[in-house]
Amino acid sequence: MAGHSKWKNIRIRKGRQDAIRGKLFTKLSREIIVAAKTGGGDPDMNARLRVAIAKAREASVPVDNIKRSVQRGTGELEGADFDEVTYEGYGPGGAAILVECTTENRNRTVADLRHAFAKSGGNLAENGSVSWQFKRLGQIVVDPGSKSEEEVTLLAIDAGAQDVVPDDEGLVVYTAVEDLHSTNEALERAGLRTTDVELTYVPSNKTEISSEDAPKVVRLLEMLEDLDDVQETYLNVDLPEDLLQEA
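Residue 1 is where the sequence shown starts when you use UniProt numbering, and the numbers rise one by one after that.
No lab work stands behind these hints: they were computed from the structure.
Hints are not guaranteed to be accurate.
Below are the BS3-like pairs computed for lysine-lysine, each with C-alpha atoms no more than 27 Å apart in a straight line [to be verified]:
1) Lys-67 with Lys-135
2) Lys-23 with Lys-55
3) Lys-27 with Lys-135
Use the sequences and the hints to build the structure in full.
Printed below as a string of structure tokens:
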């Protein structure tokens with residue numbers, strides 16, 4: 001199984017280094033709002049909200065901001081009514097791209113996405129034209145600590161994981177969607193430190209693109225990332241390391 005999104009990891013590190021705190025706070029707050037809206041405001045009873053709050057705290061989002069986001073999600077405070085929408089498109093060279101958004105204005109979001117794709121030599125696509133090339137899975141990044149890869153793999157499989165893949169950040173554990181939080185809790189009980197506990201899209205098959213198209217794909221991803229409505233982007237190509245380091 002292919003590893004998780006290299007673009008995502010590089011982008012997150014770049015965001016911290018460049019101190020793009022405002023955009024990061026916005027995205028994390030929206031995730032809390034949607035998590036509270038869909039599963040309630042009690043993190044002990046809402047695993048998605050618990051993970052969203054943990055991410056916000058890790059990024060130093062103020063406690064009051066987190067509290068207000070939860071209250072907006074549960075309806076205790078008035079605010080924009082955000083929906084989750086996933087859009088599909090093709091980038092330069094035929095790269096398949098999924099874009100997860102949270103938005104209170106779908107018309108604006110579609111117009112912004114269409115502009116970004118068109119300016120980069122790509123295009124938005126109909127629902128289903130791209131998503132079939134990806135699997136929806138749970139993803140947990142595990143810091144193995146003093147344990148070996150084999151030990152972590154056995155613990156993960158026993159906890160319900162489907163696969164374990166080495167990665168620059170540690171080991172990536174993949175689960176069925178419905179097993180994500182139970183697997184994470186089992187790994188934590190085993191004494192492992194877990195991060196990036198979330199649902200993800202993993203490409204079933206990778207597409208190769210030319211060296212001329214690769215920088216264009218990176219520019220498209222950067223444009224998408226600059227949009228407030230965009231939460232995550234997933235693609236089915238491996239981008240060259242030198243481009244990722246420059247991104």
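Evaluated hints:
| no. | hint | verdict |
| --- | --- | --- |
| 1 | Lys-67 with Lys-135 | violated, 33 Å |
| 2 | Lys-23 with Lys-55 | holds, 14 Å |
| 3 | Lys-27 with Lys-135 | holds, 23 Å |
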